[in-house]
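Protein chains in written order, with full-length UniProt numbering: chain A, 1 to 472; chain B, 1 to 472; chain C, 1 to 472.
These are calculated hints, taken from the structure and not from any lab test.
Treat the numbers as computed from the prediction; the structure is a model and nothing was measured.
By construction, the Cβ of each residue, glycine as well, lies at the ideal position given by its N, Cα and C atoms.
Be aware that a few hints might be false.
Non-contacting residues of chain C with respect to chain A, defined by C-beta distances greater than 12 Å in every case (computed) [what the hints assert, rightly or not]: (1) 404; (2) 408; (3) 436.
Here are the simulated lysine to any residue pairs, SDA-like style, with alpha carbons at most 25 Å apart [as the list claims (entries may be wrong)]: (4) B:337 - C:324; (5) B:281 - A:61; (6) A:337 - C:338; (7) C:337 - B:335; (8) B:113 - C:447; (9) A:417 - A:405; (10) C:389 - B:142; (11) B:409 - B:341; (12) A:409 - C:319; (13) B:209 - C:388; (14) C:337 - B:324; (15) C:337 - B:142; (16) C:281 - B:41; (17) C:337 - B:326; (18) C:236 - C:317; (19) B:209 - C:385; (20) C:337 - A:338; (21) C:337 - A:323; (22) A:438 - C:200.
Letter by letter, the chains look like this.
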Amino acid sequence: MSKEVNSESVSLCPLSTTAATEQEMLCIFGTGDLGRSLGQRFLQTGYKVVYGSRRPHSCGPLPPGTQAMSHVAAAQSARLVFICIHRENYDFLETLAPQLKGKVLVDVSNNLKKNMYPEANAEYLQRLIPGAQVVKGFNTLSAWALQNGPSDANRQVYVCGNSLEAKQAVIEVATKLGFTVLDRGSLTAARELEDFPLQLFPEWRLPLKLATGLTAFFFFYLLIRDVIYSYVVNDKDVSFRIMASLANKVFPIVSLIMLSLCYLPGVIAAFLQLYRGTKYKRFPDWLDRWMLCRKQLGLVALALASLHVLYTLIIPIRYYVRYRLAAHTISQIRENKTSPFDTTMAWRTDSYYVIGILGFGLYLLLGITSLPSVSNILSWREFSFIQSKLGYLTLFFCTFHTYLYGWDKFLQPSSYKWFMLPGYMLSLVVPSVVLVLKLLLLLPCVDGTLTRIRQGWERTDPEQERKKLLLT
Amino acid sequence: MSKEVNSESVSLCPLSTTAATEQEMLCIFGTGDLGRSLGQRFLQTGYKVVYGSRRPHSCGPLPPGTQAMSHVAAAQSARLVFICIHRENYDFLETLAPQLKGKVLVDVSNNLKKNMYPEANAEYLQRLIPGAQVVKGFNTLSAWALQNGPSDANRQVYVCGNSLEAKQAVIEVATKLGFTVLDRGSLTAARELEDFPLQLFPEWRLPLKLATGLTAFFFFYLLIRDVIYSYVVNDKDVSFRIMASLANKVFPIVSLIMLSLCYLPGVIAAFLQLYRGTKYKRFPDWLDRWMLCRKQLGLVALALASLHVLYTLIIPIRYYVRYRLAAHTISQIRENKTSPFDTTMAWRTDSYYVIGILGFGLYLLLGITSLPSVSNILSWREFSFIQSKLGYLTLFFCTFHTYLYGWDKFLQPSSYKWFMLPGYMLSLVVPSVVLVLKLLLLLPCVDGTLTRIRQGWERTDPEQERKKLLLT
Amino acid sequence: MSKEVNSESVSLCPLSTTAATEQEMLCIFGTGDLGRSLGQRFLQTGYKVVYGSRRPHSCGPLPPGTQAMSHVAAAQSARLVFICIHRENYDFLETLAPQLKGKVLVDVSNNLKKNMYPEANAEYLQRLIPGAQVVKGFNTLSAWALQNGPSDANRQVYVCGNSLEAKQAVIEVATKLGFTVLDRGSLTAARELEDFPLQLFPEWRLPLKLATGLTAFFFFYLLIRDVIYSYVVNDKDVSFRIMASLANKVFPIVSLIMLSLCYLPGVIAAFLQLYRGTKYKRFPDWLDRWMLCRKQLGLVALALASLHVLYTLIIPIRYYVRYRLAAHTISQIRENKTSPFDTTMAWRTDSYYVIGILGFGLYLLLGITSLPSVSNILSWREFSFIQSKLGYLTLFFCTFHTYLYGWDKFLQPSSYKWFMLPGYMLSLVVPSVVLVLKLLLLLPCVDGTLTRIRQGWERTDPEQERKKLLLT
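Could you put the whole structure together from the sequences, leaning on the hints where they help?
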């Protein structure tokens, strides 16, 4: 839409006073796929395009309406030069330094891997041609977006550069192409922009691996305990339980463990600070990394909890469950006995479900507030209120839900098949530890010390401490 | 809140060094409803306001504390002039060109329809008064927000203009009024800003129409097949099935078809590129338009799938279902027979439900990542991973879910009533075709060629190809 | 990640032409906890840091690699000075005015309460040192983020200030530290930035209080009616109903009432405008405040509605329900009677569920569109279409759902226990009133007048009206 509008407005108001709108000329260095796509897009938006090429007369098919020249000639005909060349070939640009002086060079390059070079491509370019104004930009877009204009995940363009005016010129082009531009500051941000398109969920890997590992472990554990045991000892084939019943045990177990793993590092960090008596020592690396993926841990746990909810809600429409209920009713009639209504049982199961629902509700709330647009409008006081207070409440509800599930079965020896504990008991270990440790931290004496430490207070003689600090 | 704060800070710190905060004067041209609302809001924020009017002494009630002057006098008393006049009346402004020279003119106008004029209002204004610095802005706000300050969907203000300083001055006013400002670049973006308030879900129309059409078709199809057939042939009134049972067949059918329609255009495009041997030819218009509404197609399908989930989950609390289950149990007892437990049936129904749940879970994930704030933080590598890989997985799960539903009923002649196939069979056609075509595209030889084409490679003699390209 | 990248790029490209990247020196006034945390972070990002202190030789442990000087000396060694001092101690800075002239002063301070001082800290600072360029910033970050760099809810930094270049310098530092920066305009926005970290869901308080009050009231009301009545009159202990059955009555009742309270103020406002014959009089304060928390009212109501859905969906897996169903089947067999299938009953319950599902679906849609990132991309025409048209449709569906629940029980005297009406009847009062009033407003004659008023038209003699307006 924007494309159409812009091109029209250009062709229909030739009297406009802005020089920028009168078919400005843009220069592209490089006639490869990237250069051709970009050039075509510029043309459609109403720009004139000139290509700079080593072999201007044999550089392959270019978009109709453009022309190829030598680099020197092309550079002189435009103020903005888009560098669509691989970084490996940048060095020849050094010879063009006089022609490129004062020009805005837009570095759209990406690398194939992270950390291939000691400095960002754009910084390297700036070093080669100190007289030019290098702007990094457009590199976070997909090829599709570069060729066809903004689409869904490609609406936002990041630029960075040391010159305000140069950035402004590039922002104007990007806006005309229909993109929303975000200024990321000086050229030092170029490295970040160049790494961005290469990443594939880096912070999600650890949580996903953990979830996969735990799921696999508990699946086989419960497979042995529930299905194979039954087959070997009772000679009963209950393999159909794998699809729904077993999964509905594995998911909540893994979910609860992962939820508690979100809160464990915070508790460990607090005890570490208490032990050290200062907050000015860095945490060990593994703790830092753990703390950085808490959000992802929590969201994976939420996904598993949601599956648990859906699996639970389909229980009454499952054939197996309907069959068992009917069989129970039939046997009651045939044996002509009536089981009396058990009020304790009613209380127990209702509480169990209700605590689970409330826990899941809070959990969803935590998930919603971790949406970027929601967490952005929260002050950190609000954010920490939700993620910490409500987070621990969620953990408490979910743990309590599991304890209610166990009820009085904890001490029944009949539930220990082949010396294997029921799965839910295993899942209670970590959350219970976390909740107990958190309770300890809330004791007034401990809480007071911790608060003081977090406000900058340090234990022991400060003079001695300072020396130690200076030595590290 | 911000309003209050700003007005206070103005009145309480008169020693502030910024001239901008000392009751700056703003000029408004036009004393209609828009001008009056805007003026009132300026007053409340701590600005002084002067109106420019043709008949300064009989221009109707103005906000108390403001005054009306002739256009010439009003223009001279302020640096910023807000033009609250209909575009039809802009031409008289040309006579004020000398007085408006160097002023910042804020064009807040909107049109009643798209494309009423060849150029944007703001560009027309700039052409009339070349010496002024025209800034487009505020026009995307509702009248309510203009009068009362920012509220929910009215927090963001877009501005565009050719002069950086002029924009900065307008941004300052908007920020003081409590809005968040987004700079959309030069004045060429004005057209887009002017079209924005006129649109009413333009990209949603096609998907919604399609959903309505498909829903209506399958509703009547199944009405005949399930309800009317039963009434005519078996003389049984099952009209109550319309509310829940029938809807719960229509929704998943339409949802699955629409989900597969999200992926069909991508597959068609790939085959088109393979056939043409190049990616440099534009797709036909219908394909382009289809591809642009894929997200909306998918979200409508997700909404229908969610309804399907809720409809399914209420099955066991429906009177009809409870009655039937009880009747079945009672008949078993009265006839004194016992149906044995059918392990295959247990496997089959459980698999059917579980695949459905997993498909829906993935579907929800796709929906969440299409939230603007989430897709913005994804790199396009991540976005395409989710939308393409996970998308096809979702389609596969949902299709497989439907096949499991059919199971061995595909070849039962008893399910062909009045020669009408069951609805779910019809729904399987498009998804199956999409999945098969996608599988073909994943064959190594096809995939390799396609990848090369998408990297810019072109089939056949490039010399000949270039000539063809130059001729088109 | 960004931290690592930035520090590397600094150390590895010392030839970079940008002065900004060559170990720029930053000055921090104040060696308290805030100053030390900030300094450590600067060091890690590749800056040099110097502290200004009253007692440079005994100011406690500083991050290794930094040095402390007198304020005068420190100020001269850097262009940017971060003021990490409590506002109470700002006054001594006045004596440093000559040294701070032309410097960029970054005010990162916060207050303990709102409105402690007549002007914002940053404005006070600017007044003390008129020759400096004060920029407010970083104050919305948590201590954790200041010390360790951006994390989840701490990615966004707001700055404001009167000097564009000063802001640019601060934005550059913030970007290098890894934050995303949002320019909030001139220094008058400082007050808002300083209030931001102090707020704890201000707009949520009223809705949450209301929800708590209504929930408590209906809980005790229904406790008496359902549980205590049964105990006293029938001598039956149904206390187990408290956990699930009772809650599942309270939640939908409160949810429906709160949903209707979202739409009541809009209706009241319309009638007020009709009565007054003008839109230029401000609404009473209570109405304004009510209208401002409509979104929060609606979201709390949505949360309660979601709980209602979950509570309803677990009905068939509850022990009590299963017991009762089995008991019913058993009694039917023992008494050897068959209850015939009741088509009306099937229609009624299905309609009841289906209308509820559709209402909840629309409700979720309203909730999704109130996510900031979604409402931001909607034009206000679209937003008001959803929130108004779809909103009233949602209210209608939910009200109708409740009426269907009542069905023919409205006039049954047996449902009036101890003269107490069933809860759902009470919940119908407000929504019914709102819907009837809205219907009245949609009558052509009323709608026409209202539209004219909202377009600025005023009733009665305008001359007289203007006089009245001028007098107020």
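Tell me the numbers of any earlier hints that the structure contravenes, in ascending order. 15
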